[in-house]
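Top to bottom, those sequences are chains A and B.
Here the first sequence stands for residues 1 to 227, numbered as in our numbering.
Here the second sequence stands for residues 1 to 402, numbered as in our numbering.
None of these hints come from the bench; they were simulated from the model.
Just so we're clear, the structure is a prediction, and the values are computed from it rather than from any experiment.
The C-beta atom is built at its ideal place from N, Cα and C for all residues, glycine as well.
Among these hints, one or two may not hold up.
Stated by the list, open to error - Computed footprint of chain B on chain A; a stretch qualifies when at least three of its residues, placed anywhere within it, have a C-beta under 8 angstroms from a C-beta of chain B:
1) 51 to 61
2) 88 to 101
3) 108 to 121
4) 132 to 141
Here are the chains, one letter per residue:
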Amino acid sequence: MNVIEATHLVKTYNPDTIPVKAVNDISVEIKEGEFTAVVGPSGSGKTTLLNMIGGLDTPTEGSVIVNGVEIDMLSQSELTDFRMNNIGFVFQSYNLIPVMTAKENIEFIMLLQKSDKSLRDSRANELMEKMGISETSKRRPSELSGGQQQRVAVARALASKPKFILADEPTANLDSQSTESLLDIMAKMNEEENVTFIFSTHDQRVIDKAKRVITIVDGKIESDETR
Amino acid sequence: MILSLSWKNIWRSKKRSLVVIGAITLGVWALIFMIAFYNSFGTAFARNAINYEHSHIQIHHPDYLIEADVKNQVEGVPEIIGSIKNELLVKAFSGRQKVNGMIASTKTSAGVQIYGIEPSAESGTTSLEGQLLEGSYFSKIKRNPILISAKTAEKLGVKVRSKIVLTFQDIQGNITSASCRIEGIFESKSPKINEGVIYLKMSDLNRLVGSNGINEFAILLHSNEQIELVQERLQSTTENTVRSYKEVAPEFNLMEESSVITKQLLTIIIMLALLFGIINTMLMAVLERTREIGMLRSVGMHRRSIFSMVMLETTLMGLMAGPMGLLLGYLTISWLGSRGLDLSVYSDALKEYGFDAIFYPEIQNSTYPMLMVVVMLTAFVGAIYPAIKAVRLNPLEAIRKL
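All chains should be modelled from the sequences, with the hints used to inform the complete structure.
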């Protein structure tokens, strides 16, 4: 089953002055349970593609269907709800809420979803255990290492049980050991819970772990390899 | 959830939040102090004018209000005295005969208002005896003793027991003169009295003007709150005109109106300063969190929640600072209200305007909740622009700022 269907996506910046096509007619389908890396040189359009898939940016042409919903037809408010309920985001700089503890950060999206306390509590505990960060539950982000923060960020993205996780260069700020550990966890979540992951990355270690690698050059798909 | 997040955000930058809270507290305190201090000016001015010049209520012949002439005597004096004496709310009263005239010494002359008084009644009403600097109070000189102010004495170059000549019109309109001797020199707390009022015994003045009446009753009450009631009661018993001190001296209303305007202006100025402080600080707080707010939008936080979050942060700070400022203001005013604020350094200038050197700041209790509302409104308005700025942030910012 396709979780994402992107058809003839085009994104043009500065259309009225000096038009720059960041994404140039990309069509791609992502199936449930895929572990996909979107790779390519800087400026190739990977992040723009992920932004459009994640409903953070609107395509100039083409459409994105996520879980059967054409997201560019949604209003801003509907799109916000759609992102909350269907998409998990992992950012390069973790982007945790500094005034909340690790556990509170993980529970945050569930709070937005108005999940009840017992559900939030059990889901957060379960994810912290799987991520190996149970002992950090009461610590704030500033008291965590980069690797621990990114694991909290992944747990936060997973907490609301989204249809897929979009991770933009998730290992860019991590050392080798943290990267390995994070990748192992995400691969395990993919295998055991069939969570769909889509990464944009330069990191060869991520690429090596991916089951599918989409290479983008100059806004176009150069290759799409499934392993 | 929003409330909890807002509360935590406040303490994200303790120093900055404490500066905002401190600024609001200080602003509220300053406002209370200024209002109370300004109130004390009005109260002191009114108190002195009532106690030493106008009293609470005055009674005149209706024509006296058109032409302040000796011929316009109060009618039915015995009945009026009876009514005043029957009024339990009256503390003291004094009947006066007032004429305009000239006072002349060997050195110079000046225009004056001559008050013919019953010494004991006048002293009970305006504390005249207590204001004597030199001499005695109508007890030692038998023929035409007068009291003049220190200022008039200085102008005329006279002292106690000096002889002066008074010239004025009698009840027939003839110019008449009388030789008088200064028995006492006083200093009133009323600049108007100091400027040109002299006191003569009513029996002496009436003999000189050829009258045996009274053209003014000044009535002192136990409290300012009783004026309207007593005024109504007395008016119902006489055809003469019974007026409150505010009607006698319209400058009181002018002062009250200007006081209200000044206090409103002070409030606006302080609140504007506070408003811009809040906008500046909250804007800084929002812009510092661009990436975080973008992330919150990305993961599903609605614009209205972001707006509420920023508004709540400011409101919560206002809710903490407002009562602190009010409490601080209340304590300061309570302390100064009982001890007084000593401005003796400026006593000469203050005396010129009829003020004592010690002020007792005061504020009505109803002002406190009103100020709290004003502060909260200011905080609320101050938060709107930063909150709008926050909701306008594009969630993409979170990713682009990686």
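Comparing the hints with the structure gives:
1. 51 to 61: Result for this restraint: holds, n = 4.
2. 88 to 101: Answer holds; 9 residues pass the 8 angstroms Cβ test.
3. 108 to 121: Holds: 5 residues of the stretch 108 to 121 of chain A have a Cβ under 8 angstroms from chain B.
4. 132 to 141: Since three or more residues must qualify, the claim that chain B covers the stretch 132 to 141 of chain A is violated, with 0 doing so at under 8 angstroms.
The structure shown violates just one earlier hint, number 4.
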